[in-house]
Each structure stands twice: as C-alpha cells, then as structure tokens.
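S.K.: Single-letter residue listing:
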Amino acid sequence: MGSSIRRAPVSDVSQDIAVEHHEEHESTGIDNRKLGMWLFLSSEFLLFGALISNYLLYSNRSGFAGTYPADVYDIPFTSVSSFVLLMSSLTMVLAHNALSTGDQNGTRTWLFATAALGAVFLGGQVFEFTEFIVQNDMTLSTNPAASAFYLLTGFHGTHVAVGVIMLLSLWGISRKQGGLSEKHGLNLELVGLYWHFVDIIWIVIFTVVYLLSVPQ
Amino acid sequence: MTAEQQNHEAHPTPAQYWKIAALLAVLTAIEVSLFYIDRELDLEIFNAVALIGLSTLKFIIVVGWFMHLRFEKPMLTRFFTAGFVLATALYLVLLSALGVVAVRGG
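So the protein sequences, as listed, match chains A and B. Mapping the first sequence onto this note's numbering, position 170 (from 1) lands on 170, and the numbers just tick up by one. If you want this note's numbering, it's the position in the second sequence, counting the first as 1, plus 1000.
Keep in mind the hints are simulated off the structure, nothing from the lab. Model, not experiment: these values are computed from the prediction. The reader is advised that the hints may include incorrect statements.
[What the hints assert, rightly or not] Taking lysine-lysine and the BS3-like style, the derived pairs with C-alpha atoms no more than 30 Å apart in a straight line are:
hint, chain 1, residue 1, chain 2, residue 2
1, A, Lys183, A, Lys34
2, B, Lys1019, A, Lys34
3, A, Lys176, A, Lys34
4, B, Lys1073, A, Lys34
5, A, Lys183, B, Lys1073
6, B, Lys1019, B, Lys1073
[Unchecked claim] Ranges of calculated distance between the beta carbons of each label pair, as one might list FRET restraints:
hint, chain 1, residue 1, chain 2, residue 2, range
7, B, Ile1060, A, Phe64, 29 to 39 Å
8, A, Ile30, B, Thr1013, 51 to 61 Å
9, B, Leu1057, A, Gly185, 25 to 35 Å
Don't be surprised by glycine CBs; every beta carbon is placed ideally from N, CA and C.
Modelling step: build the complete structure from the supplied sequences, incorporating the hints.
M.R.: And the structure:
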C-alpha cells in the first residue's frame, strides 16, 4: 500500500510540473506573443520619438543652404494619404472582426483591402519623394533638415511596407488553405496591432511634421 | 460563457467601427482646416494646442477602439502607456534643453 501511495504522487507531481510550467508561460493571463507585440510596439515609441526629435531639431534651425522640407510640403496631397492610412485601420479591424465571426471570405476581402490601401499610401510617399527631389531639388544630402525628414518618413514608410508584406502573406495563406485557422487568428491580431501602430505613428507625424512646421 | 467570449462581445460592431472611422476622418478634416485658417488668421499658440489636442484624440481613439486596448487587461495599457510617456518625457526634456521647445516660466 505504501508503495502505491508513493507511486501515485509521482504521477501527480509530473502533472503538477506540467501545469506549473504552462502557468509560468501565461501567468499574466495574456498570450506571450501578444504581450511581446505590445512590448515591442511600446519600445517603438522611443525609436520614432528619436527620429521626430531629430527632425524638429534641424527643421527649426535656420541658416542651412538649400530647400527646407516645410517649404515644399503639399498639404492637400498628404492629407489624402493620411486619410487612406486611417481608412486602412478600419479595413484591418473589419478583417479581424470578420475572422472572429467565422466569415473567411470577409476576412480575405478586408485583408486585401488593407494591403491595397497600404500600397496606395506607399505609392503616395514615393510620388511625394520624387516631387521633392525632381521638382524642388531637395535630396537626402541637401541639408540636415531634409535628411531628417527623409529618415523619419522613410523609416515610417519601411514599417508600412513590412506591414503590407505581412498582410499579403496572411491573405495568401488564407487563399491557399481556404481560410485562416485559430492559430492564424492570433497572427492576424498581431499583424493588426502592428498595422494600427503604424497608423498612430503617422497621426503624430502628420500633425507635428507637416501641419505644425513653419516654412523658413 | 468564458471571460474571453465576454471580452469579445464587448468589442464594437462593424457599424460602430464605420462610425469611429467617420469620426477620425472628420477630425482629420478639422486638422487640415485649422492649418489653412492659421495661414490666414495667424492663430499662434491656439493653432498648436488645437492640432496637438486633435491629434491626441485620434491617437486615443485608434489605440482604444481599433487596437482594442480599452477591452484588454490593464497590464497591457500600463506597458503601452509607460513606453509612450517615457519616450515623450525623454524627448521633450531633450528638445527643451536644445531650445527647440520653449519652456515658459520663472
């Protein structure tokens, strides 16, 4: 009897260890990948904060040779770009909502719409940069203010491009497999968080860099 | 019903998402209008305060509703807010020290 008493706890202990091991990884009650994404996005504030500060530092200094970014901004054009990116946040959240209700066709449609709107935003940025370089002779090396502008908006554009690639990947998986599984559901949520973050960073850039900049 | 399901049911409906997007579009239109009004009337500090206020409102709406932060566990809000506050404070101090942001007083 004694030996049976000893054997039983061995099995229980192994189960307890397994449970504790599981709880250790979700002791917060939040999936680790989701928590990791939120922490990553939180740390991105420091990165974009540095780039915005760099822009403010140089764009407010006079005396540099060449064209300043604020002298050549096309506010109506950038406003439309901002609207496009804002609406891509809507389509992203609609994709997430469609997946949570099991609407796979809706998920695919809204995912593609989000990627398409992101691509339109990127196209607008390429057009804007081309205009600045060709029409206004403001290149990356014109002056520190121009460099800071291209660095900030280019870095944001790179984030958008990465987001578009992730969205198209999810869209491709959904098409190939006939829908997104529960596992991919979390991936869609994480990509959505990243996408909305890119949007809120643009909300700040649009106001601070475009609308509040004073031409020299 | 699990907590997860209850949490999900608290999320906005697609119709509400469209309304939120419409509100964001209106706020953006007001921002752009303010930019042109300032060009004509020179609103000075009011323009900056209003633009930053509108931008902050848009920021909160996207984070709260589209990123669902207001429906998530408070810990995520604390982490995200901490990153934002730390970055904002750090760079405001830096820009003030370099004379880019004017600090009035004394």
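S.K.: Now tell me if each hint is right for this structure.
M.R.: Hints and how they fare:
no.: 1; hint: A/Lys183 x A/Lys34; result: 13 Å, holds
no.: 2; hint: B/Lys1019 x A/Lys34; result: 27 Å, holds
no.: 3; hint: A/Lys176 x A/Lys34; result: 25 Å, holds
no.: 4; hint: B/Lys1073 x A/Lys34; result: 12 Å, holds
no.: 5; hint: A/Lys183 x B/Lys1073; result: 21 Å, holds
no.: 6; hint: B/Lys1019 x B/Lys1073; result: 25 Å, holds
no.: 7; hint: B/Ile1060 x A/Phe64: 29 to 39 Å; result: 36 Å, holds
no.: 8; hint: A/Ile30 x B/Thr1013: 51 to 61 Å; result: 24 Å, violated
no.: 9; hint: B/Leu1057 x A/Gly185: 25 to 35 Å; result: 30 Å, holds
Against the hints set out earlier in the document, a violation occurs for number 8 only.
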